[in-house]
Amino acid sequence: MGVLLKISTIETLYYDRIYALHGLSLEVKEKEIFTVLGPNGAGKTTLLKTIAGLLKDQPNKGTIEFMGKSIHRLPPEHISRLGIVYVPEDRGLFRELTVKENLDLGCWGRRDKGVKDDYEFVYDLFPILKERSKQQAETLSGGQQQMLAMARAILCRPKLLMLDEPSLGLAPVIAHQVYDALLEISKAGTTILLVEQNAKMALRIADFGYIMETGRIVLEGTSKELQENEDVQELYLGVGGERVSPKGWRLYKKRRTW
Amino acid sequence: MSEIFQYIMSGLAVGSLYALVALGIALIYRSTRILNFAHGDITTAGTFFALTLMGFKLGYALSYFLAIIFGSVIAMAFYFAVLVPAQRRESTNLGQIILTLGFGLILQGLISYFGGTEPQSFPFPLSDSKTFNLGAVVVSELSLGTFAVGIIASLLFYLLVQKTRLGLAMRAVSENLQAAQTMSIPTRKILAFSWGLAALLGVIAGLFLAPALLLDPFFMLEPFLKGFAAAILGGLNSLPGAIVGGLILGVAESLAGGLVSIAFKNTLAFLIIILVLIFRPEGLLGKEFIERV
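Chain order of the listed sequences is A and B. Sequential numbering from 1 applies to the first sequence in the numbering used here. Sequential numbering from 1001 applies to the second sequence in the numbering used here.
Hints may be right or wrong, so weigh each one.
Stated by the list, open to error - Distance condition first, Cα-Cα at most 20 angstroms in a straight line; then the derived EDC-like pairs of lysine to aspartate or glutamate:
(1) A:31 with A:180
(2) B:1163 with A:77
(3) B:1265 with B:1003
(4) B:1163 with A:180
(5) B:1189 with A:77
(6) A:56 with B:1090
(7) A:134 with B:1175
(8) A:100 with B:1175
(9) B:1287 with A:77
(10) B:1287 with A:180
What the hints assert, rightly or not - Looking from chain A toward chain B, a few residues come up when the C-beta cut is under 7 angstroms (computed):
(11) 14
(12) 74
(13) 77
(14) 109
Just so you know, these hints were derived from the structure itself, not from any lab. Here the structure is a predicted model, which means the values were calculated and not measured. Glycine included, every Cβ here is placed at the ideal spot set by N, Cα and C.
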């Protein structure tokens, strides 16, 4: 499989001096699901925003290549026209517009014949959106809003779909639905880059994962490798924990291997 | 009794022009959070342009048409040449508002230089003195035309914003700029179009105001302030609110001026605004900004 997105040693700064990304490199291959895991403040959202071009004049250093073309520092409209669609943490919906209008904006600028099929695909995936098509987006529940955001992104026909914590604030059942939908989307041939805190769910569907801490990639591997890694198990998956005293206190902080 | 209808009718005519001015201000505010203080001066520039063209014996329709285009082009040029670079350097909203103020003053200077500060009469095909009798109410040709144009322009504008794809994009951009960018909507072009459209509405209002008032470089100042007040009265965020606000303001000042005293023409109108804003701070049709936590 070809490399779709290649990021080499990018640095992103906030306010010209606060480093959010520290020489980070990663690759996303075609038609697979990639996930980036990490704690709060690791720079996961910053990474996605940098790729989407939403941070002005960033990355400060390094290059981002998409399908062999360098795209860093291009305006966001340009990047999304190349086929990178970003679904932000807050879903980024047009809250005062109806569900249908939101979806129509998803296929803005598309003139191909496939739009109708894509609508059918989306409505098959999330039948609730068809039911609610006349309703204002802000009146939807959190899960429905996430579905709408994903559906709208699919209607852009992205080559790379970037999602920022799609499970955030959702009940486990709904989160599972969302993740099942992601698998469907991936099967239909879309590459996905997923940022998550919920490592268990992300690794369940991902092919390959990166662990990110304080602006760097500290570990990478297939999801199987990551799931078997002891540190990942303890710090991200919450299994293990034998090294805990009978009172339930951890006697020492486990040293990470990275 | 018929007097009241008389005042209401003339108030509606003026109010429909305030509504057009207010629509332009509300449109810009909605989409960019900028109060456009150059709005009146862009309008004046367009109106003077029409006067100049008529000096070349170009005919009413063509001159007015070109004047409207001219106003839109000025507004779009200002957006691209001044506001876009300012935004690129992360200027604050307040800074951009001051930029519009400065642009307005520059235009005022240019108009005074090229157009002269003497009040001039503005030739117009509809006459002020030719009247019709509608029942007991007497309406001049000019007010009837003004009212019709104000309503038709507002209606067309409404259809554009609510029913077309372009309007959908305009609403999307005004609501969530970042999301619109990630949907590959050309946000700059859409915003420039909004600026052009706002100026277009303004110049239409200016063309109909000029024959009733006299044309000088400052003739739009009062209508601009009224339009501004009307936009706030209706709720700055709401386009239908701007129309309603304009009509209410027009009727209120006409009634106050006619029934009480001409000195109260502006007083009562602004009293109403104060009252409305005390009891409904978001304006008549403005939606309270609800943030889901």
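Exercise for review: Answer holds if the nearest beta-carbon of chain B is closer than 7 angstroms to that of residue 14 (chain A); otherwise answer violated.
Suggested key: Given a least distance of 13 angstroms, the restraint on residue 14 (chain A) is violated.
Check your understanding: Taken at face value, is the distance from the CA of residue 77 (chain A) to the CA of residue 1163 (chain B) at most 20 angstroms?
Key -> violated, 24 angstroms
Point to revise | Pair hint residue 1265 (chain B) and residue 1003 (chain B), alpha-carbon separation not exceeding 20 angstroms | key: With Cα atoms ~16 angstroms apart, residue 1265 (chain B) and residue 1003 (chain B) stay inside 20 angstroms; holds.
**Study point:** residue 74 (chain A) as an interface hint toward chain B, with CB separation required under 7 angstroms
**Key:** Hint violated; residue 74 (chain A) Cβ to chain B Cβ min 11 angstroms, cut 7 angstroms.
Point to revise | Restraint outcome when residue 77 (chain A) is required to lie within 7 angstroms of chain B by C-beta distance | key: With a minimum Cβ separation of about 5 angstroms from chain B (threshold 7 angstroms), the hint on residue 77 (chain A) holds.
Practice item. Decide if the proposed pair is consistent with the structure: residue 1189 (chain B) and residue 77 (chain A), CA atoms, cutoff 20 angstroms inclusive. Key: OK: residue 1189 (chain B) and residue 77 (chain A) at ~11 angstroms, within 20 angstroms.
Review point. Keeping to a limit of 20 angstroms between CA atoms, is the pair of residue 1163 (chain B) and residue 180 (chain A) held or broken?
Key: violated, 36 angstroms
Review point. Are the Cα positions of residue 56 (chain A) and residue 1090 (chain B) separated by 20 angstroms at most?
Key: Roughly 10 angstroms separates the two Cα atoms, so the pair holds.
Check your understanding: Taking 20 angstroms as the top limit, are the C-alpha atoms of residue 31 (chain A) and residue 180 (chain A) close enough?
Key -> holds, 16 angstroms
Review point. Is the Cα-Cα distance between residue 1287 (chain B) and residue 180 (chain A) 20 angstroms or less?
Key: Answer violated: residue 1287 (chain B) to residue 180 (chain A) is near 37 angstroms, above 20 angstroms.
Practice item. Mind checking the alpha carbons of residue 100 (chain A) and residue 1175 (chain B) for me, to see if they're no more than 20 angstroms apart? Key: Answer holds: residue 100 (chain A) to residue 1175 (chain B) is near 16 angstroms, not above 20 angstroms.
Review point. Is the shortest C-beta separation between residue 109 (chain A) and chain B less than 7 angstroms?
Key: Holds: closest Cβ of chain B sits about 6 angstroms from residue 109 (chain A), inside 7 angstroms.
Hint violations for this structure: numbers 2, 4, 9, 10, 11 and 12, all remaining hints satisfied.
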